[in-house]
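Let the hints inform the model, and build the full structure from the sequences given.
Just so we're on the same page, this note's numbering is the position in the sequence shown counted from 1, plus 65.
By construction, these hints were calculated from the structure, which means they are not laboratory data.
Nothing here was measured: the structure is a model prediction, and the numbers come from that model.
Every residue gets a Cβ at the ideal spot worked out from N, C-alpha and C, and that includes glycine.
Take these hints with a grain of salt, some might be off.
Below 30 Å or equal to it, Euclidean Cα-Cα: the simulated DSS-like pairs (lysine-lysine) are [unchecked claim]:
#1 K265 - K232
#2 K257 - K232
#3 K204 - K133
#4 K257 - K275
#5 K184 - K133
#6 K303 - K265
#7 K258 - K184
#8 K184 - K204
#9 K303 - K257
#10 K275 - K303
#11 K232 - K303
#12 K232 - K275
#13 K275 - K258
#14 K275 - K265
#15 K303 - K258
#16 K184 - K232
#17 K266 - K232
#18 K258 - K232
#19 K303 - K266
Pairwise CB distance ranges, derived in the manner of DEER restraints [to be verified]:
#20 E174 - Q214: 15 to 23 Å
#21 S296 - E192: 42 to 50 Å
#22 E205 - A107: 32 to 40 Å
#23 A300 - E192: 40 to 48 Å
#24 R250 - E192: 37 to 45 Å
#25 Y147 - S263: 17 to 25 Å
#26 L171 - S296: 36 to 44 Å
#27 Q243 - A188: 36 to 44 Å
#28 Q243 - L105: 40 to 48 Å
#29 F200 - D178: 46 to 54 Å
#30 R244 - Q214: 25 to 33 Å
#31 E88 - Q214: 19 to 27 Å
#32 E88 - M216: 21 to 29 Å
#33 H246 - D178: 27 to 35 Å
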Amino acid sequence: MYYPVQIPHLLSPAFRAAVCYQEERIASLSDFCICYWQMLPAGEGAAPINNIIIADGCIDLVVSLDQKQIGFSGTRQTDFHYEIQPQQRFMGLRLKPGAFHQLTRLPAERAMDRFLPLKQLFAYFDEDAFFQHEFEEAKEALINFFHQQIMDQQADQYTQLFDHLSKQLPETVNELCQRLHMSERTCQRQFKKVYGLSPKKVLSILRFQKTLTHTHDSLNSAAITEYYDQSHLIADFKRNIGITPRELLAYYQK
Numbered sequence: 066m067y068y069p070v071q072i073p074h075l076l077s078p079a080f081r082a083a084v085c086y087q088e089e090r091i092a093s094l095s096d097f098c099i100c101y102w103q104m105l106p107a108g109e110g111a112a113p114i115n116n117i118i119i120a121d122g123c124i125d126l127v128v129s130l131d132q133k134q135i136g137f138s139g140t141r142q143t144d145f146h147y148e149i150q151p152q153q154r155f156m157g158l159r160l161k162p163g164a165f166h167q168l169t170r171l172p173a174e175r176a177m178d179r180f181l182p183l184k185q186l187f188a189y190f191d192e193d194a195f196f197q198h199e200f201e202e203a204k205e206a207l208i209n210f211f212h213q214q215i216m217d218q219q220a221d222q223y224t225q226l227f228d229h230l231s232k233q234l235p236e237t238v239n240e241l242c243q244r245l246h247m248s249e250r251t252c253q254r255q256f257k258k259v260y261g262l263s264p265k266k267v268l269s270i271l272r273f274q275k276t277l278t279h280t281h282d283s284l285n286s287a288a289i290t291e292y293y294d295q296s297h298l299i300a301d302f303k304r305n306i307g308i309t310p311r312e313l314l315a316y317y318q319k
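Structural data, given as structure tokens:
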């Protein structure tokens with residue numbers, strides 16, 4: 066199962082001191098949604114802080130309760146400087162890559178590197194009523210809304226693809242195309258429509274997330290030395306979060 070890692074609490078001491086970030090799997094949504102997440106104030110700090118958002122191929126349904134905004138958003142590149150106010154409250158659903166396209170029939174690019182208000186796609190959604198809820202009520206309403214969208218639907222091959230690829234990752238775009246029985250041109254076109262990403266970018270994200278997960282799960286640096294000595298993985302790491310795998314492991318071991 067593809068479960069991308071977001072680690073702003075490790076890379077930013079200021080974020081860790083000011084924000085409580087949590088994730089929760091919701092079994093009833095699991096065919097289309099990786100997790101529910103929330104960010105709540107953890108202290109009294111008022112100065113803006115940077116939230117580091119790691120590229121993971123996902124489009125999230127994001128809620129800013131205090132700004133009264135709800136909509137879809139994803140990112141193609143890791144954003145090191147997404148500024149937030151630490152006293153504001155956020156929640157969201159991290160959709161599986163491909164789920165946004167399957168459920169809305171819109172190109173994923175509509176929600177990549179931008180914010181797409183929910184109201185533009187679901188005109189009947191009552192935002193006024195939603196933002197009158199207390200936090201836990203809003204969480205329940207968000208989950209119920211998404212559950213209604215996926216009723217009687219099954220995840221298609223593209224919404225399931227990241228799960229399959231994360232188990233057995235192709236080394237090249239050519240190998241990926243062969244596995245999907247597609248020409249490279251068709252694969253490029255389909256991935257742009259479904260994920261808003263090129264096949265090359267998808268493989269880069271999957272490699273990087275696999276390394277992150279390996280770091281997250283490993284307690285023994287010696288056991289992963291060989292994995293980390295691959296130069297292209299180190300390059301992916303530095304490009305995505307600005308540090309090497311060993312430096313990230315040191316954060317975990319503190």
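Hints breached by this structure: Result: hints 16, 22, 29 break, sorted rising.
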